[in-house]
Amino acid sequence: TQLLEQSPQFLSIQEGENLTVYCNSSSVFSSLQWYRQEPGEGPVLLVTVVTGGEVKKLKRLTFQFGDARKDSSLHITAAQPGDTGLYLCAGVLLGSGYALNFGKGTSLLVTP
Amino acid sequence: GAVVSQHPSRVICKSGTSVKIECRSLDFQATTMFWYRQFPKKSLMLMATSNEGSKATYEQGVEKDKFLINHASLTLSTLTVTSAHPEDSSFYICSANPAGGRNEQYFGPGTRLTVT
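Chains as they are written, first to last, in the working numbering: chain Y, 2 to 113; chain R, 4 to 119.
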């Protein structure tokens, strides 16, 4: 069972465009993380959100945690080729300990 | 801070042999470490949760006798793939949760296992 539905799975855009990646669930999470992974490397933590309605910004990346802590989004403004990679959302179910539940990932390609 | 290393980064072995992969937290202590498997262009699949000083907890469908996990210290967990077969070829990634910290996991760089 896929607890976190991540969309879109694939995204190919041109440099300068904006994009949003969504992670949705019917379950409540105590925290949710976004990772970026390059081929042949481990995921790198971008952000952790823990409070419902929380918004965090990391340069051109904006992360939002839903009010009910069931969903999250990642918005990239003016995408650049260096943003290319696999973006993964992962959450810790409320009351479940530390195990992360991953979405299927969004493979982003930004062309010059 | 929060650096996790894995060794080896790549390994090629013959069918029937065993391979050990190490996961170390370099600048923090981790009471809990996790082992994942990842297929090309797919997300991470949790294999097991490794707890320091106790037995690992395996996810459904993961054979504990085939994937031996040892978490001997607060900075080291090992995964041994026993009697490896070609279908075990994959990208194995570990992560560590800092003791006393939030529910954040820091990932190692991964180990590419190829079984011939």
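Quick caveat, the hints were computed from the structure, so don't treat them as lab data.
Keep in mind it's a predicted model, so treat the numbers as computed, not measured.
Cβ atoms here follow ideal geometry from the backbone N, Cα and C, with glycine treated the same way.
Any given hint might turn out to be false.
Said to hold, decoys possible - Here are the simulated lysine-lysine pairs, DSS-like style, with alpha carbons at most 25 Å apart: (1) Y:Lys105 - R:Lys17; (2) R:Lys58 - Y:Lys105; (3) R:Lys58 - R:Lys17; (4) R:Lys23 - R:Lys69; (5) R:Lys67 - R:Lys17; (6) Y:Lys71 - Y:Lys57; (7) R:Lys45 - R:Lys67; (8) R:Lys17 - R:Lys69; (9) Y:Lys71 - R:Lys58.
Claimed, not checked - Just a few of them, taken from the derived set where beta-carbon distance is under 7 Å, the chain R residues facing chain Y: (10) Gly19; (11) Ser46; (12) Gln108.
Check each numbered hint against the structure and report the violated ones by number, ascending. Per hint list: 1, 2, 3, 9, 10 violated.
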